[in-house]
Amino acid sequence: MAMRPLLLLPEMLLFVGGLAALISGSFLPRERQWVSRLVAAAALVACVVAAMIGLTSTAQTAFEGTFSVDTPTGVARIVAAVGTLIVLSLAVDEITGSPRESETYALLLFSTTGTLMLAGADDLLVLAVGFLLTSIPLYGLIGLRRTPAGAEAAMKTYLLGALFGILLLSGVTVLYGITGTTSYAALPDLLIDAPTGAMAAGVIGVLAGLMFKAGAVPGHFWIPDAAQGAGGAVAAFLTTVPKIGAVIATYRLVDMLPGTLNWPLLIAILAVASMTLGNLAAYWQTDPRRLLGWSTVSQVGYLLVPVAVAGRSDSALPSLLLYVAGYTLTNLAAFSVTTALPQRRTLESYGRLARAQPMLAAALVISLLGLVGTPPTIVFVGKLTIASAAWDGGLAWLAVAVFANTLISLFYYLRWIVPVFKSDADASPPRADEGASSSPRPASSVVAVVAALGSLAMGICAGLLLSLLTGT
Amino acid sequence: MLSLIVFLPLAAALVLLALPRLGDSIARWTWVAVAALDLALVVGVWLAYESPAVGQLAFEEQAPWIPGVNSSYHLGVDGLSLPLIAMTAVIFLACAVYALREPDRPRLQAALFLFLQSVSMGLFVSADLILFFLFFDLSIVAMYFVIAGWGHNDAGRSAMKFFLYTFLGSLALLVGFIGLYIAADPHTFDMVELTNQAPLNGSFMAGGLVLAAILMGLAVKTPTVPFHTWLPPAHTDAPAIGSAVLAGVLLKMGTYGFVRIAMPMLPEAWRAWAWVIIVVGIISVVYGALVALAQTNLKRMIAYTSVNHMGYIALAVGAAGLVADDTAQARSIAVTGAVTQMVSHGLITGALFLLAGVLQDRASTYDMDAYGGLAGPAPRFAAFFAVGAFASLGLPGLSGFIAEFQIFTGSIAAAPVTAVALVGILLTAALFLRALQRIFTGPTRGRSTGFADLRPTETWSVGALLFLSLLIGILPRPLLDIIEPAAEAVVELVGR
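So the sequences go chain by chain: A and B. Under the numbering used here, the first residue of the first sequence carries the number 972, and numbering increases by one thereafter. Under the numbering used here, the first residue of the second sequence carries the number 61, and numbering increases by one thereafter.
Honestly, the hints are just simulated from the structure, not real lab data. Glycine residues also receive a C-beta, built at the ideal position from the N, C-alpha and C atoms. Check before you lean on any hint, since a few could be wrong.
Claimed, not checked - Quick look at which bits of chain B chain A covers, simulated, 3 or more residues with Cβ under 8 Å: (1) 123-131; (2) 227-233; (3) 372-384.
What the hints assert, rightly or not - Okay, the calculated beta carbon distance ranges per label pair: (4) B:A332 x A:T1317: 51 to 59 Å; (5) A:Y1254 x B:A78: 58 to 66 Å; (6) B:I86 x A:L1435: 47 to 55 Å; (7) A:L1424 x B:E120: 49 to 57 Å; (8) A:R1326 x B:G502: 43 to 51 Å; (9) A:T1257 x B:A332: 30 to 38 Å; (10) A:R1326 x B:N261: 34 to 42 Å; (11) A:G1168 x B:A332: 53 to 61 Å; (12) B:G83 x A:L1424: 21 to 29 Å; (13) A:L1424 x B:G502: 13 to 21 Å; (14) A:G1168 x B:S263: 52 to 60 Å; (15) B:L64 x A:A973: 52 to 60 Å; (16) B:P286 x A:R1326: 34 to 42 Å.
Only chain A is shown next, with the shape it has when bound in the complex (with noise of 0.2 Å):
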């Protein structure tokens, strides 16, 4: 056991840039807070390069065994500033020269370093102020673009993450109460002989409270209105990266914990609801927002499938780990869309889409339909291998719910899809305010079609990346 802080110089490098992007952008003036989001990119791409150097050693621990940089901290370190990167590169149309620029990023580094913590940690106070560091500013992000709905999202969002966050303190609090200890390490043992009533209560707050971070049945009530509520780049950021870290932290858990209760079927269980809730919900959606967040609701679903099988099957982790970063990518991309026509917010002003706009068009469906899970791309691999790995793990049930809530999923995604392809006879002349003659904002089409581009190519490589995933 030892400090080894060097180890988490990805996250350092983060919250540093956090605060550099913050402190520079008080000296800037607006029309050249630019600046202060160049820093942030900068610390984003070191701590993608220090996660792959830090990837290429072996699974180490720091700060004397309370977070662990292994093989899924360094894919959620990737992943979470890349995606961060991504969200950073949508935000050139949407807050360039806007009142909060540079608080924006501050905010967006700082609750990407806590989606960090979360995904390392090895310990349960490590834990907890991962969740609050990821949470706190993930509310001002909501807020910031002071609409009504904005602020509805955001107290939704605030009252939900101070509800579950008590939960998961408590948890916290009943779980070192009868072992006396906070340590992944040395839990297990313990708990095998705690009371079973108080470790499931302790553990069924943790999960709650990861569960709201995740977006996942029973804490999932927030997504909906943050996505639809906040500003886009911000709800691209809130329904990929916070999930990243949640969904690992979950999977530490789960492995974690004995075989006294049946945990994974819980986990089944909440992953069940989840993908169905979501897919059931987002039918009935008109603003494309809104949907994809109820979307995001599902696709946690099935990133909560190898979580379930966590310790019993081998391609768990790795199946995770490819899902992760596949849906990561094909989310973003499908909020890029959105994000590039701001001002088309019902289903039906993405008529003929296809012929205004065909690389946007084609960029949209790529996305949805790699959200459905449709190979080649990526998310198709991901739900192969996650639904291998749960049947691989005795839970053939939940390898069928996955795609059975597959089917339900393609319904809406092809609400989607439909008017984009209508032609010119069948569709209604757009309104003036719908801006269908406005044009795209440039660099919001660029991320949607490279990012689109990309699940497809991830796809396609599947196999290097898997093998990448198990080889480490």
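Starting from the known structure of chain A, fit chain B onto it as the hints suggest.
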């Protein structure tokens, strides 16, 4: 070689997409040229082909793809797939020629069909379940856009129904594939290896469930009763060449799956459930024919005869699962007949749908009662349609006879009760003769007046398909020589 055949159309499609300012006629002719070149390559493979050993493939290509789940880029052909890729190439070329007069977005249409051709070719040469699934799913996506983009009437709704229904099938199929993967030791998606292992032999329950999932997926695509309801609206509202490809090529993906995946990989379960498949086959044959008989819409009628014709295939492959020592030869005849039927149905129904497209083009209706005495103004159309109809009802001298004769010879020898399905042939004969009578005979009336006869593009595309059907009907040997060894291999594998 196989990779070239598969990806040549895709490359051409990408080129067409990348050149938005390309002239319409250049796009149309590029499509014809690429389809012709692809057919030439397939002919080359056919000429160089020699039957591989049981459980092996010819022209194999393999490269690692997702080694983490033992899935590889693995291609190969044998006597089951080679006739089908040849038929696919022919049908797509016919469609390209037929579409030379297409006015609506010809460049995009050509790109979409070239993509669809790649996907279809890829499916028939896949030797890996994930690769198979990839092409299976992409064929659905491409066909969705064909129907939604170039269809008529209620195309959007029909396309949606098609997508959802067949996507349901594909997911069931994927569940079955994962079941096979988990059961295999070591876990693998490789078809050749799974065929050699037959991993679920000995576990009755698991084998039955996995087979149920796979059968459901294939039955939706084939389609057999009760999963056929997506087919009539999809066909009715699809453009002519879309229908030809849907019936000619896409339906075969389901029946091909029976002989390629379900039978050799799950022999024990297949034998256990053979009777269910036979019954489904008989119901499809009779029900499909009866419903077709009741149609007044020509295209819907042809669509229902597809259900009937696919029923014969289900019947034959089901009968092949009734293993008894003295019927091995009969069962292999049944499987040969089933594969021949896939080719034959592709050619004939493709031709009939293209002809039905002429009706839509000239008079905008498929309603048979709107026509009468059409043989007068359009003799060539009438002659072609008559040939197609007779081929479809199984007249000797045409390919339908060769296929159905073998199916019944084999099936009745294995299970005499299958003779019930002969009713289907009778009904098909009745319905086609009635359709011929309604549309072509009598005094010229209704929409028949002023009906322009077949144009050269239509004549050549339909003519080529019918000519091949005639050729197979008169000289079946070259085709059967390819199919028979593979059919014997399937029967041997199913008997394990």
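For each hint, the structure was consulted:
1. As drawn, the stretch 123-131 of chain B meets chain A at 7 residues by the rule of a beta-carbon pair under 8 Å; at three or more, the given contact holds.
2. Figure legend: the stretch 227-233 of chain B, annotated as covered by chain A; annotation consistent (4 residues with Cβ-Cβ distances under 8 Å, at least 3 required).
3. Coverage of the stretch 372-384 of chain B by chain A is violated. Counting CB-CB distances below 8 Å, 0 residues qualify, and the rule asks for three or more.
4. Between B:A332 and A:T1317 the C-beta distance comes to about 53 Å, which sits within the given range of 51 to 59 Å.
5. The beta-carbon spacing between A:Y1254 and B:A78, approximately 36 Å, falls outside the hinted interval of 58 to 66 Å.
6. Judged by the Cβ atoms, the range 47 to 55 Å given for B:I86 and A:L1435 is violated: they are separated by roughly 38 Å.
7. Evaluation of the 49 to 57 Å hint for A:L1424 and B:E120 yields a failure: the beta carbon distance comes to about 31 Å.
8. The beta-carbon spacing between A:R1326 and B:G502, approximately 46 Å, falls within the hinted interval of 43 to 51 Å.
9. At roughly 49 Å, the beta-carbon separation of A:T1257 and B:A332 lies outside the given 30 to 38 Å, and the hint is violated.
10. Between A:R1326 and B:N261 the Cβ separation comes to about 54 Å, which falls outside the hinted range of 34 to 42 Å.
11. At about 48 Å, the CB distance of A:G1168 to B:A332 disagrees with the hint of 53 to 61 Å.
12. Between B:G83 and A:L1424 the CB atoms are about 28 Å apart, so this pair conforms to the stated range of 21 to 29 Å.
13. Between A:L1424 and B:G502 the Cβ separation comes to about 59 Å, which falls outside the hinted range of 13 to 21 Å.
14. For the pair A:G1168 and B:S263, the supplied restraint of 52 to 60 Å is violated, since their beta-carbon distance comes to about 40 Å.
15. The hinted window of 52 to 60 Å between B:L64 and A:A973 holds, with their beta carbons roughly 58 Å apart.
16. For B:P286 and A:R1326, the hinted distance range of 34 to 42 Å is satisfied, since their beta carbons lie about 40 Å from each other.
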